[in-house]
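2 protein chains.
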Amino acid sequence: MTDQHPVGSRLDPWIESYAARTAGMKVSEIRALFAVASRPEVVSLAGGMPNIGALPMELVGDTVQRLLLDQGLTALQYSSGQGDERLRDQLLEVMALEGLDAHPDDIVMTTGSQQALDLVARVFLDPRDVVIAESPSYVGALGVFAAYEADVVHVPCDADGLVPEALEEHITRLLAEGRRIKFLYTVPTFQNPAGTALFDDRRPRVLEICRRHGILVVEDNPYGLLGFEGRTYPALKSMDADGVIYLGTFSKIFAAGLRVGWAVAPHAVREKLVLANEAAILCPSAFTQAVASRYLSEIDWQAQTASYRALYQERRDAMADALRSLLPQARWNLPRGGLFFWIELPEGLDTKAMLPLAVKELVAYAPGTGFYADGTGRRNARLNFSYPTSERIHEGVRRFATVVEREQELLETFGPYDDSTRSRARRVLLPSPDVS
Amino acid sequence: MTDQHPVGSRLDPWIESYAARTAGMKVSEIRALFAVASRPEVVSLAGGMPNIGALPMELVGDTVQRLLLDQGLTALQYSSGQGDERLRDQLLEVMALEGLDAHPDDIVMTTGSQQALDLVARVFLDPRDVVIAESPSYVGALGVFAAYEADVVHVPCDADGLVPEALEEHITRLLAEGRRIKFLYTVPTFQNPAGTALFDDRRPRVLEICRRHGILVVEDNPYGLLGFEGRTYPALKSMDADGVIYLGTFSKIFAAGLRVGWAVAPHAVREKLVLANEAAILCPSAFTQAVASRYLSEIDWQAQTASYRALYQERRDAMADALRSLLPQARWNLPRGGLFFWIELPEGLDTKAMLPLAVKELVAYAPGTGFYADGTGRRNARLNFSYPTSERIHEGVRRFATVVEREQELLETFGPYDDSTRSRARRVLLPSPDVS
Numbered sequence: 001m002t003d004q005h006p007v008g009s010r011l012d013p014w015i016e017s018y019a020a021r022t023a024g025m026k027v028s029e030i031r032a033l034f035a036v037a038s039r040p041e042v043v044s045l046a047g048g049m050p051n052i053g054a055l056p057m058e059l060v061g062d063t064v065q066r067l068l069l070d071q072g073l074t075a076l077q078y079s080s081g082q083g084d085e086r087l088r089d090q091l092l093e094v095m096a097l098e099g100l101d102a103h104p105d106d107i108v109m110t111t112g113s114q115q116a117l118d119l120v121a122r123v124f125l126d127p128r129d130v131v132i133a134e135s136p137s138y139v140g141a142l143g144v145f146a147a148y149e150a151d152v153v154h155v156p157c158d159a160d161g162l163v164p165e166a167l168e169e170h171i172t173r174l175l176a177e178g179r180r181i182k183f184l185y186t187v188p189t190f191q192n193p194a195g196t197a198l199f200d201d202r203r204p205r206v207l208e209i210c211r212r213h214g215i216l217v218v219e220d221n222p223y224g225l226l227g228f229e230g231r232t233y234p235a236l237k238s239m240d241a242d243g244v245i246y247l248g249t250f251s252k253i254f255a256a257g258l259r260v261g262w263a264v265a266p267h268a269v270r271e272k273l274v275l276a277n278e279a280a281i282l283c284p285s286a287f288t289q290a291v292a293s294r295y296l297s298e299i300d301w302q303a304q305t306a307s308y309r310a311l312y313q314e315r316r317d318a319m320a321d322a323l324r325s326l327l328p329q330a331r332w333n334l335p336r337g338g339l340f341f342w343i344e345l346p347e348g349l350d351t352k353a354m355l356p357l358a359v360k361e362l363v364a365y366a367p368g369t370g371f372y373a374d375g376t377g378r379r380n381a382r383l384n385f386s387y388p389t390s391e392r393i394h395e396g397v398r399r400f401a402t403v404v405e406r407e408q409e410l411l412e413t414f415g416p417y418d419d420s421t422r423s424r425a426r427r428v429l430l431p432s433p434d435v436s
Numbered sequence: 001m002t003d004q005h006p007v008g009s010r011l012d013p014w015i016e017s018y019a020a021r022t023a024g025m026k027v028s029e030i031r032a033l034f035a036v037a038s039r040p041e042v043v044s045l046a047g048g049m050p051n052i053g054a055l056p057m058e059l060v061g062d063t064v065q066r067l068l069l070d071q072g073l074t075a076l077q078y079s080s081g082q083g084d085e086r087l088r089d090q091l092l093e094v095m096a097l098e099g100l101d102a103h104p105d106d107i108v109m110t111t112g113s114q115q116a117l118d119l120v121a122r123v124f125l126d127p128r129d130v131v132i133a134e135s136p137s138y139v140g141a142l143g144v145f146a147a148y149e150a151d152v153v154h155v156p157c158d159a160d161g162l163v164p165e166a167l168e169e170h171i172t173r174l175l176a177e178g179r180r181i182k183f184l185y186t187v188p189t190f191q192n193p194a195g196t197a198l199f200d201d202r203r204p205r206v207l208e209i210c211r212r213h214g215i216l217v218v219e220d221n222p223y224g225l226l227g228f229e230g231r232t233y234p235a236l237k238s239m240d241a242d243g244v245i246y247l248g249t250f251s252k253i254f255a256a257g258l259r260v261g262w263a264v265a266p267h268a269v270r271e272k273l274v275l276a277n278e279a280a281i282l283c284p285s286a287f288t289q290a291v292a293s294r295y296l297s298e299i300d301w302q303a304q305t306a307s308y309r310a311l312y313q314e315r316r317d318a319m320a321d322a323l324r325s326l327l328p329q330a331r332w333n334l335p336r337g338g339l340f341f342w343i344e345l346p347e348g349l350d351t352k353a354m355l356p357l358a359v360k361e362l363v364a365y366a367p368g369t370g371f372y373a374d375g376t377g378r379r380n381a382r383l384n385f386s387y388p389t390s391e392r393i394h395e396g397v398r399r400f401a402t403v404v405e406r407e408q409e410l411l412e413t414f415g416p417y418d419d420s421t422r423s424r425a426r427r428v429l430l431p432s433p434d435v436s
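Keeping their order, the protein sequence lines are chains P and G.
Using full-length UniProt numbering, read the first sequence as starting at 1 and increasing by one per residue.
Using full-length UniProt numbering, read the second sequence as starting at 1 and increasing by one per residue.
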């Protein structure tokens, strides 16, 4: 059959004009997940949304109204490319909780910490440079590195996070191959997606290895204050100021919709980040920064963070109970903080291939392959417990378990799903949720 | 004398790690201008700030408070990478005023239109690609193109904007040289910095030339609704939907501090822009988008835009009067809209070299060289009239005229300033306002 509609040339008059980097831009799994998750009848364990229903919304509303009356003329105006000075000063108090002693001048404010990550990539990554990442790693970071045409190399992790010996081995091998390693990207504390925390005695070892090889560390820390064991971990940045760029965000301690994040970087790097920020957006929003600043000064944000933490711990426990009783086939580590379980299903199952069936059963999750740059993770899935209620979590896991059982039966009868033909037996046909 | 402090290597342990593009990142003139402008005793004609003092701030405060109570749970949450659907729908009404008939699905919301420009550059520009721009062109756009290592070629303009014959000549020459021209970047309506509008009969001609050569047009339109002649111009995008990417913003019709902008693009390009947006920031702020949406639906924004327009026209007239009476040496076109005068001083004067003296006289402006990628513009300056009051404008021009006169005397006595030695006669020493 002749294809009457060649993709691209006919549909896109500009297809010859794109930059080389654009070829690597694919429909992101994150966006597809949002689309799947948005139907109300679906129990979505797919996203990574904080539970802002726990916010004192009236108080926030009053605070923002007062802000506009008091300082609307600056909050609604252009501002500095580095970000609000007062807010940068206040952030010292937030970061001090993880032992970080920075200077406000070392901080750059960004449009969420995703943009901080984008700026770091922009400043450091040439095509074919290597970024070392955990195994698995944050899907949104992998998207950034792909956009800058870098190669991601995953280093094995266990229940205590990155394995230092494996890191050393990978670095040595890559350097011997003549590769340019630009940085280690890590979410050391309550990792997305794995839920692990880099164990205390591994922190200095990881830093020592990177320092010895002249490799920068990019520490992404959205969840550091969401630990369930009544403790925080010291930020890597607190142990090696010159060797680490630290990324923080208000998305999980206040509100993701503000898009207020920040980077703390060695001085010369910070200067480059500000320049990159100005080229990218001129300046971050003075308004959302002012809202974040008032949140820190006028609302008991530590109590609010504690209440997020308590809520998420309760839901983590609900998910752990549900997984134990309803999906005993799955292997996982109990998350020590953050928003996610990372589960491994029995050999032969494919979470991406299963997703349409799961959505038909009205449950969604994040397939594991999105968290690897190399196509692994097919047996894995990330399950979010911060957004759905404990009841919905139980129901979601129940529906998911139904799908897994059915898949296991199919697997026993017909053998594994063949990705090359996208078929096994005759499958239930339903609208695909556009996950590439 | 030996330099004891080599720049970089000693101060910056990561200097060997930066990407190739980072070498081109210089301290932006925009940032330096903000720094200069911030001292209250200085009359700043340097910035490009809208006069948000004209906003009904109490009403805005009440509206935002209500927004948080009504829809705080979505406004403070993660949202779609393409941007708020309702707001994209409302934007049709805004753009219809300039004859633009788009579909909400063709729109991507961004962190100010600067980020839209960054996304366009990211999707299209490889190093050494050519961007054609007006002469002069917007300093912030030149910063973006430099960040993507593109070469900017300026095409001559006159009082009626871009000269079509010159555009044709430049394109023909560049193509004959084998250069890859990726797009024409233009601010056709009330240009920054020139204040001109591309004359009606030139619009189809410019589009025809670009279409014939297969060159995309990027139409940056922050000022289209700020015309002083009781009229608007039809957007280029309204005349060639497939050949134009249109960029809009709330910065000048509402508030720059929100950082809400957008792009309207041919469908396949729009898809790339959304992917690039997700990699860069995940999603634009749901909160600031919701504020912009409420502004359009609950506040008489057209009346507010009309009042901005009337205020700026009054100040434009004040600046024209002051320039005529106090600085008759300067040549300029009367701005037809927007925020700026673009003036040319007599041969031999150098506005960048003069700036420290001007700041000592307590007036600041934007030196002309920032608006060219090729070092021209030394006799030019951009003067803003939207932010200072008419009285301050008069006083600022008076101070500026004093500096110009003194420079002209020096010029007659000692000859032109020598940029290579950064000296002429013994100059007044004062802290430099760090304009590179």
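If you are wondering where the hints come from, they were derived from the structure by calculation, not from laboratory data.
Note that the coordinates shown come from a computational prediction; the quantities given were computed from them, not determined experimentally.
Mixed in with the good hints there might be a few duds.
Stated by the list, open to error - Some chain G residues close to chain P (C-beta under 8 Å, calculated; not the full set): (1) D12; (2) Q71; (3) V152; (4) V153; (5) P284; (6) Q313.
To be verified - Computed far set for chain G versus chain P, every beta-carbon distance over 12 Å: (7) E41; (8) E58; (9) D62; (10) D70; (11) A116; (12) D118; (13) T172; (14) P234; (15) G243; (16) E271; (17) S285; (18) L327.
For each residue, glycine too, the CB sits at the ideal point set by N, CA and C.
Results for each hint:
1. Residue-level restraint check for G/D12 holds (minimum Cβ-Cβ distance to chain P is 3 Å; threshold 8 Å).
2. For G/Q71, the interface hint is violated, since its Cβ never comes within 8 Å of a Cβ in chain P; the closest pair sits about 10 Å apart.
3. Taking 8 Å as the C-beta contact cut-off toward chain P, the hint placing G/V152 at the interface is violated, the least distance being around 14 Å.
4. Restraint check, G/V153 versus chain P: the minimum CB separation of about 17 Å is more than 8 Å; hint violated.
5. Here the hint on G/P284 is kept, as its CB sits about 7 Å from the closest CB of chain P, short of 8 Å.
6. A hinted interface residue such as G/Q313 counts as satisfied when its beta carbon comes closer than 8 Å to some beta carbon of chain P; here the least separation is about 21 Å, so the hint is violated.
7. With a minimum CB-CB distance of about 18 Å to chain P, G/E41 clears the 12 Å threshold, and the non-interface call stands.
8. With a closest Cβ-Cβ approach of about 7 Å to chain P, G/E58 is found to fall inside the 12 Å limit, against its non-interface label.
9. Not every beta carbon of chain P lies more than 12 Å from that of G/D62, the smallest distance being close to 7 Å; the non-interface claim is violated.
10. Against the 12 Å criterion, G/D70 falls within the reach of chain P, whose nearest CB is about 10 Å from its own CB.
11. Residue placement check: G/A116 does not keep its beta carbon more than 12 Å from all beta carbons of chain P (closest about 10 Å).
12. Separation of G/D118 from chain P is inadequate, the least Cβ-Cβ distance of about 5 Å not exceeding the 12 Å criterion.
13. Look at G/T172: its CB is around 19 Å from the nearest CB on chain P, clear of 12 Å, so calling it non-interface holds up.
14. The beta carbon of G/P234 sits about 22 Å from the closest Cβ of chain P, which is more than 12 Å, so the claim that it is off the interface holds.
15. Here G/G243 does not stay apart from chain P, with its beta-carbon only about 8 Å from theirs, under the 12 Å limit.
16. Separation of G/E271 from chain P is inadequate, the least Cβ-Cβ distance of about 8 Å not exceeding the 12 Å criterion.
17. Against chain P, the non-interface label of G/S285 is violated: not every CB pair exceeds 12 Å, the least being about 4 Å.
18. Against the 12 Å criterion, G/L327 stays outside the reach of chain P, whose nearest CB is about 27 Å from its own CB.
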